[in-house]
Amino acid sequence: MKKNKGKINSTEKEFVFEFKAGKHHNVLKVPLQFPVEENISDLHGRLMLLHRIPCFVETDLKSSLVNFIESKTIEDYDREAELALQRLTAGEVDLNTLTNAWAKAYSETTLEHSHPEEPSWDEDFADVYHELIHSPASDTLLNLEHNYYVRISELISERDMELKKLQERQGAEMDSVMQELGKTMSDHDVNAVASQHFDAQQVLETKWANELKQVTAIQKQEYQEWVIKLHQDLKNPNNSTINEEIKVQSSQLTELPDAGARHFEEQRQLEESFTIHLGAQLKTMHNLRLLRADVLDFCKHRRHGSSGVKLRRLQTALSLYSSSLCGLVLLVDNRVNSYSGIKRDFATVSMECTDFHFPRLEEQLEVVQQVVLHARAQRSHRQKEQPEAPRNGGGEEKNKNIERNTSNILPGEFYISRHSNLSEVHIVFHLCVDDNVRSGNITARDPAIMGLRNILKVCCTHDVTTITIPLLLVHDMSEEMTIPWCLKRAELVFKCVKGFMMEMASWDGGISRTVQFLVPQSISEEMFYQLSNMLPQIFRVSSTLTLTSKR
Amino acid sequence: MQSLRDAQIGAFTFFASPLPHDVCGSNGLPLTPNSIKILGRFQLLKTITHPRLCQYVDISRGKHERLVVVAEHYESSLKDFRKPSKPFSPEKVMQIAYQILEGLEFLNKHRMVHRALCPHNVLLDSQAAVKLAKFGLYHMTDHGADVDFPIGHPTYLAPEVIAQGSFHHSDPLFKEPRLPSGPKADVWSLGVLLFELCVGRQLLHNIDISKRLKFIITLGCMDDIVTVLAEEHGCLEAIKELPENLLTLLSKCLTFHPSKRPTPAQLLVDPVFEDISSLYVPYNKPVGLFSSLRCAHLELPENINELCKDDGEDYLAERAIDEVYYLWCLAGGDLEKELINKEIIQSKPPVCTLPNFLLEDGESFGQGRDRSFLLDDTTVTLSLCQLRNRLMDVAGEAYYPLLEDEQSNLPQSNSSNDLSTAVSLPLIIRERDTEYQLTRIVLFDRLLKAYPYKKNQVWKEARVDIPPLLRGLAWAALLGVEGDIKAKYDSIDKETPIPTDRQIEVDIPRCHQYDELLSSPQGHVKFRRVLKAWVVSHPDLVYWQGLDSLCAPFLYLNFNNEALAYACMSAFIPKYLYNFFLKDNSHVIQEYLTVFSQMIAFHDPELSNHLNEIGFIPDLYAIPWFLTMFTHVFPLHKIFHLWDTLLLGNSSFPFCIGVAILQQLRDRLLANGFNECILLFSDLPEIDIERCVRESINLFCWTPKSATYRQYAQPSKPMGENINGSFGKTSTFYTTDYQDLPKTDLLREPMKLSELKAEVSPRISAEDLIDLLELSGPVPFKTPMKRAKAGKPKILAVDIRSMEDFSRGHVTGSVNIPYSSAFGPDGELVQCPAATTLASFKGRVIVILSHALKSAAMFAAHLVKVNYPRVCILDGGINKLKATGLLTVPSPQI
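As they're listed, the protein sequences go chains A and B. Numbering-wise (UniProt numbering), the first sequence opens with residue 1 and increments by one. Numbering-wise (UniProt numbering), the second sequence opens with residue 1 and increments by one.
Next up, chain A with everything else stripped away, as it sits in the complex (with noise of 0.2 Å):
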């Protein structure tokens, strides 16, 4: 309906007013377009300006106008009302699909007529989370939690541990077999050793898998257990059963050392951040950060550092089902798996602390998969529905490869996860990028462009008040970045990110969010400091305000 408003088939009627004037008699002829959509008293206006009607006609022609176009409106209704009665009597629309369409919009889109929501386990669980999390027993979940994620640490080392040990002892062995290579070994045997080897690791890490499977599993069911038998202990007060338990576990964290002192050297992130205006008129304000820092930092739980850490700890769990959300961008290639690269080291990190509200990111990233599918099956749906309307330029291209393999997802797509136990983040955008990124001349019409932007109109429609963008879209920096090809790629991120932003404003209304650019950590200082110079530039950085303004 709304497309083609606007060309309700109009029809033109015409309009007759007599009056006289001294002796002349005189008739005016309007034609009308109906339905008439302008201001009846500015066509009043107009007509007597127009024809120089004599004023002392003035209220007999607005009286006649009005009823004229009152009449014939209602004519026009009847009309169209009987034709569509017509319609279904004559049977050229069903009464059964019309009635259907009408019992569907009722129930899909009213309280009233909409079939009762089956209670979901998740969102009980974030309202009694939320609560509790927002209460004195806010301590006892923090501590709780933690003792959980010590429990997964020891295993994980443990792990590593054993591990080690075994690739060691498996690496005296492979040295001894190589020694006696071409003696009493041959090729095929130093092989069958090497395979044997393998298979002994696979089965080792297997074995250490699913015992953290269990483990977090366990945990995770205990977790939420205890957490509603929390909320309905704090309900009613009589039965404190677990007020004791609170207090055990708080006296036990307090003694919980800092063990292994392995105080790594935290290479500490450099960063600076901008306060900035946006908008001509109506300014908002947003902060800017610029950091070099690992992406995955973001997600880590520093082991054995300070205070600082509970409290970071403490804000995630607060916001998590806040409606201010911290959001990472996290650059991937076309496949969703965590088997390689950035994506396994985010596995990892994301395994080492059991998350005690979403499913684990392997389940996460199946239904992904699945989603993907079903995407994908819907599209070329329409596709086939409407050929005519090919999408965009590289539409041939990009059907390719989707027919190649339609699991895959394409640059500038991205699918996102939810996560409860990393550190400063809630929410990962998964986006993916091509080796496209690493040239010179991508422009802001580039997907992985276009990818930021949809990020940030999610980060919109839901909440994610804090977003971390890799500025240069890289992870790593390698030999053909060179220092223009940073400055260049810098400006283009730090342009198309305003663009957004202040496009966003109209999506939103206008709230103050926090954006974070992210550079690698193995850019140099310099470099640094030539990227947080051209910030400013490009962004309108807030004045400062003086209090000893004298004028």
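A few chain A residues facing chain B, derived, Cβ under 7 Å:
1. R46
2. A105
3. E117
Hint data in this document are derived by calculation from the structure and do not stem from the laboratory. Yeah, the Cβ is synthetic: ideal placement off N, Cα and C, and Gly gets one too.
Starting from the structure of chain A, add chain B where the hints point.
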């Protein structure tokens, strides 16, 4: 707007349909969100006032396309009377029918259709009179196109409405455009509703919706629909017992074919209502301000006391609904919170509703349907307790201030002490203060009702502040708008295409579009009409880019009254922007800018020196400032505060605002060169507007009136027409234009632009000098007005003629520094006793007197160079003063 009386304020909420991702409009700009379209269309509903309709008050946009509508509300509705225990008596049903029809007919006259008529939406006030609710939903959603849910309750849908299909854009069944529903659809709904009232039970209850609708459609084959319905529901006896007229009404309403069904207007005059119609008086719209003769239909009752008989104790209830709602908001009311408390708004945490996967074009997948987006149109009553508690201590006098006694500016009540202290608080705080706003609104409301008789007092109160709720009317009063503006506006042809259309069309979607009202399609339509009306009605002037910005504040404030917006704009432009919109306006603008740069030099020589040095002249940045009176550079809320003051000042006040803005950016300007300055002004940084207003008033007080003399300013009007003439004693230094003063030969004379440009410092007239020096003695002319002494700047006259000339006669109190010996080779002031005096009076207004204006100008330029502020030159030189006989010769010392 009607007063609150026993009504309550209710709120309900719904979602507009989200837009499809990334679709552009035909003009290449992004599409307007549906919620903004609805918001724009809603505004008209605020003007629909009728005793049978619930008054719409406000609409607000929440996150994610949520809309909350605020309207008059009553707790009881016809829904409560549907129980079989107490069906209405036939007489009562007839009355209800008549009242509903009255409301419907009024709506139809405004080209609206209810479409959602059902027992929930027929409310009953304490006198059990009908009040229709939610009648605007169909209108504001563009006949249902902007929302996902169908409008209307399935049981009450008319057959043709069902046949036309659910009006939804995503529905592939209905591709061709249709006309929206007509007034007769409501008549069918009314029939069903009345039927239910007669038999005391719900029709088609507990039946599946599609079956319900099918049943209604099949009624088309029946002869006697009323009987069929009665049989179907087993209440044939009850129907048979009904009186004849009610049965006739029912069968008329329940006519299957729309062409045979009567309209509400036809039903109202139908014989079935013969007995009832005499009980009701047709509603007459009360006349408002700025319409035709307001007293034309005024009839006083014979006994005057009748007028005040319904004065209750509850003064708040006597105020208009929108005022009460406005105060409710100020007293801490939060719509969304009220709705959340009643669990109408139930939002899920966003982290749970994220999609899984997004394609490159932004289409998202894997997002479950969120139940919290479903329509729940329950209306929640907003509790006025908090507001009433807040206003408990406000005495009754505050609601009825006495206006005749011009001495008392605030109502004399026990709370007046608080209020007088409140006046000294910052404006931002005063605008948020419930009690203060109440008294201000009441006062302004009364004053404006008495406009133009009470014009003086409006001015006086406006100097304190203007309550935001009544700003539109208050501005109109300050601008002196009078007469039947509606008739005038209607008679302007706003439809016929003119050459300017294209430019207007381009500018409107770029003008203050951050604002919801002005970015709505309705806003654009109104913008176009007001601008076209102005262009058409001012044939000597043309549309310059910037006129759109200038129109924006007026349109925003008078969104439902285009005529008033047009009238205000037409009054504003000649006052402040005389001839700025000429086809060739260069001479006007050039002169204006030159005077502006003189003002910079006058008030801030250091800044002026720097800007001139780097060549950053006002032409580069100040044209949009003045051409749009700052509306192009500031957001609306800042413009309001700025203009509240601007409208009280005269046409030279904008200069002071300009200087005040520059002074806020002073440090950055002084520190930077040309390029940085250009960049800085291309996107003007945040300006503290309250400080800007304060400083510009201060600057204004320091500026001699004649210093901003402009040859091309609006010529003075004949005394009789002079709007300020009627002020009497309130006409002051502050408000009167220089050009409005009576001409004497001591005033400034026009000079060539090139001459004006050559001078760094402004000239002032002899009259100003005399006035400022408070020279008395044999004054051969009468001072046109008395000026408040406190507001006068301190002044030092410097005579730069030679010693001999000086001793032959000079102005009392002037210092003599002969031009020839004043400055050293490096331009520094040579030390001498007079120069010391000059230095010690630095900061005062320094007037340079001489024979030759050229040397005076040079001298002034030198002073400015060494950062002397407030330097000006006497226009016409000392010769002007000779005629006045004010020159004295010092008595020889004995």
